[in-house]
Structure formats: C-alpha cells, structure tokens
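Q: Sequence:
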Amino acid sequence: MWLIAAIFSALFAGLTSILAKCGIKKTDPDVATAIRTIVVLIFSWIMVFIVGSQGTLRDISGKSFLFLILSGLATGASWMCYFKALSMGDINKVVPIDKSSTILSVLAAIILFQETNNLGIKLICTLVLAAGIFLMVEKKKSEGSKNKAWIIYAFFAAIFAAATSILAKVGISGVESNLGTAVRTGVVLIMAWGMVFAQGKHKSIKAIDKKELLFITLSGLATGASWLCYYYGIQNGIVSVVIPIDKLSIIVTVAFSYIVFKEKLSLKAFIGLLLMVIGTVCMAIWG
1 MWLIAAIFSA
11 LFAGLTSILA
21 KCGIKKTDPD
31 VATAIRTIVV
41 LIFSWIMVFI
51 VGSQGTLRDI
61 SGKSFLFLIL
71 SGLATGASWM
81 CYFKALSMGD
91 INKVVPIDKS
101 STILSVLAAI
111 ILFQETNNLG
121 IKLICTLVLA
131 AGIFLMVEKK
141 KSEGSKNKAW
151 IIYAFFAAIF
161 AAATSILAKV
171 GISGVESNLG
181 TAVRTGVVLI
191 MAWGMVFAQG
201 KHKSIKAIDK
211 KELLFITLSG
221 LATGASWLCY
231 YYGIQNGIVS
241 VVIPIDKLSI
251 IVTVAFSYIV
261 FKEKLSLKAF
271 IGLLLMVIGT
281 VCMAIWG
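Read the sequence shown against the numbering used here and you will find it ends at 287, with the numbers running on by one and no gaps.
Errors might be hidden in some of the hints.
[Unchecked claim] Capping the alpha-carbon separation at 25 Å, the derived lysine to any residue pairs in SDA-like fashion look like this:
1) K201 to I271
2) K211 to G200
3) K210 to F197
4) K63 to F8
5) K25 to L112
6) K25 to F155
[As the list claims (entries may be wrong)] If you anchor each label on the Cβ, the simulated ranges turn out as follows:
7) K63 to K206: 40 to 50 Å
8) W286 to G55: 12 to 22 Å
9) T217 to I190: 15 to 25 Å
I should point out that these hints are in silico values taken from the structure, not numbers from a laboratory. Quick reminder that beta carbons are idealized off the backbone N, C-alpha and C, glycines included.
Build the full structure now, drawing on both the sequences and the hints.
A: See below:
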C-alpha cells in the first residue's frame with residue numbers, strides 16, 4: 001500500500017509544480033506560498049477528521065513534536081526557495097535540481113536509518129540519478145549572472161527538501177500520518193506568513209489576479225494530496241525507496257511544461273531525464 005501511496009505522491013507533486021508556475025507569473029512567490037499553505041492546512045485537517053485521528057493529538061510525544069516542527073521549518077524554507085527559483089527560471093531546469101534532494105535523502109537514510117539492504121544497488125542508482133540531474137541542468141550562453149540566481153535558490157530548495165524528509169521520518173514515528181502532516185503544515189503556515197509580513201508583501205494580496213489565485217489554490221490542493229500520500233509512504237515504507245519514487249513527479253512536470261509552457265528538452269536533457277527515471281525505477285524495484 002505504501003508503494004501505491006508513493007506513486008500517487010509523485011503524480012500530485014508533478015501537478016503542483018505546473019499549477020504553481022501558472023500562479024506566480026505576476027504574483028510574488030512568497031505571497032503565493034503563504035496562500036497555498038492555507039489550502040494545504042485546511043485539506044490536511046479535513047483528512048485528519050475523516051480518519052478520526054484528531055483525538056490522538058495529545059498523545060504525540062515531545063520528541064515527535066520537535067521533529068515535526070523542524071520538518072515544517074525545513075519545508076517552509078524549501079518552498080520559498082523553490083517557488084522563487086520557479087519564478088525566475090524554466091521548470092525543466094529548476095525541477096531537476098530540486099530533485100537532487102533525492103541523493104541527499106537516500107544517503108542520509110542509509111547512514112541514519114541503516115537502510116543498507118542492497119546497498120551496492122542503491123549507491124549505483126544514486127550515481128545514475130546524479131548523472132541524470134547533471135545532464136538535465138543546462139546553461140544557456142545568453143544567460144547573464146542575474147538570471148543564474150535561480151540555480152542558487154533551486155539548490156537550497158533541494159537541501160531543505162532533503163532535511164524535510166529525514167526530520168519528518170523521525171517526527172512521524174508513532175504519529176498518524178495525516179495528523180503529522182497537519183501539524184507540520186501549521187508550522188509552514190506560520191513561517192510563510194511571517195516572511196510575507198516581515199517583508200511588507202501582504203499589501204499586494206488584494207491585487208492578486210483571480211486566475212492566478214485559482215492556480216495557487218489548485219496547487220495547494222495538489223500539494224496537500226501529495227503530502228498525505230508521501231508521508232503515509234514515509235511512515236509505513238522504506239525511506240530510500242519512497243523518496244526516489246516521489247521524485248518521478250519530474251515526468252509529469254516535464255510533460256505538462258512542454259504542453260503548457262512549450263519548454264522543450266534538448267537531446268542531452270532528454271538523456272538526463274531517462275537516466276533519472278532508470279535510476280529511480282531500479283531503486284524502487286531492487287533498493
């Protein structure tokens with residue numbers, strides 16, 4: 001069941017990137033992140049009440065609460081960097097770098113959680129993933145130093161995303177996955193809106209285009225669905241397998257970016273994508 005959850009997590013995550021890109025053409029990425037977090041929080045708590053786990057909130061240990069909070073902070077930082085990168089660069093460039101968090105997460109899972117089963121295969125698959133990411137991240141000669149800033153944001157998004165997965169694995173232990181997701185989303189919400197008000201960007205909320213607001217809302221729903229599936233998989237499955245499967249969302253993202261934004265892949269980038277898929281599938285099967 002956790003394997004199916006990981007697959008659905010990838011599907012919804014792929015949709016998230018496309019919908020978010022549509023919602024931040026004119027809207028500030030930090031404001032968009034704060035708004036979509038509200039949607040995710042509402043969605044998460046609805047699921048909590050549907051499964052009836054709200055009564056176990058008091059039973060969460062102090063350690064679990066601490067790691068859920070830390071995971072939420074890492075998520076907030078990852079989101080802000082990720083959507084800033086999306087607002088500056090092409091999806092087909094930003095997403096592969098963001099997916100490099102897979103490498104960090106897998107290595108951390110091997111070291112911290114002793115997931116050493118078929119270690120050789122996992123390390124080979126990780127190298128294949130790394131090669132694929134390297135090939136997909138292409139640089140254009142026409143890009144100036146200012147336009148390359150998205151790379152920095154994308155890499156920080158990957159680092160924080162990797163930290164999120166590891167911290168969440170510890171925090172969600174013994175906690176119902178929907179409830180754990182709802183708790184950590186609350187932390188992300190506080191962090192996101194804190195950044196918006198600290199920078200005085202809340203004044204621009206009234207001017208948000210209604211069409212973009214719709215895409216931001218849909219992005220939030222897709223994120224909520226992805227998270228619920230992802231953390232169910234993290235809690236019940238093998239971290240070093242769930243995370244790579246989740247990153248297959250890049251296939252959905254690349255397909256839609258071609259249809260919606262006409263962002264085509266070069267032969268080099270296509271080979272990179274193929275390597276990422278091969279590495280991920282092999283890890284899911286034999287890892």
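Q: Decide, hint by hint, whether the structure agrees.
A: Status of the hints after comparison with the structure:
Proposed proximity of K201 and I271 is contradicted: the alpha carbons are some 41 Å apart, above 25 Å. Annotation: proposed proximity of K211 to G200 holds, straight-line Cα distance about 23 Å (limit 25 Å). For a cut-off of 25 Å, the pair hint linking K210 to F197 stands: about 21 Å separates their Cα positions. Proximity of K63 to F8 is assessed by CA-CA distance (about 29 Å); at most 25 Å being required, the pair is judged violated.
As the CA atoms of K25 and L112 are separated by approximately 40 Å, the hinted pair breaks the 25 Å bound. Distance check on the hinted pair: K25 and F155 sit about 21 Å apart at the alpha-carbon level, within 25 Å; holds. Against the hinted window of 40 to 50 Å, the Cβ-Cβ separation of K63 and K206 comes to about 42 Å, which satisfies the hint. Checked against the hint of 12 to 22 Å, the C-beta distance between W286 and G55 comes to roughly 40 Å, which is inconsistent with it.
In this structure the hint that T217 and I190 lie 15 to 25 Å apart at CB holds, the actual value being about 20 Å.
The structure does not agree with the numbered hints 1, 4, 5, 8 stated previously, though it agrees with the rest.
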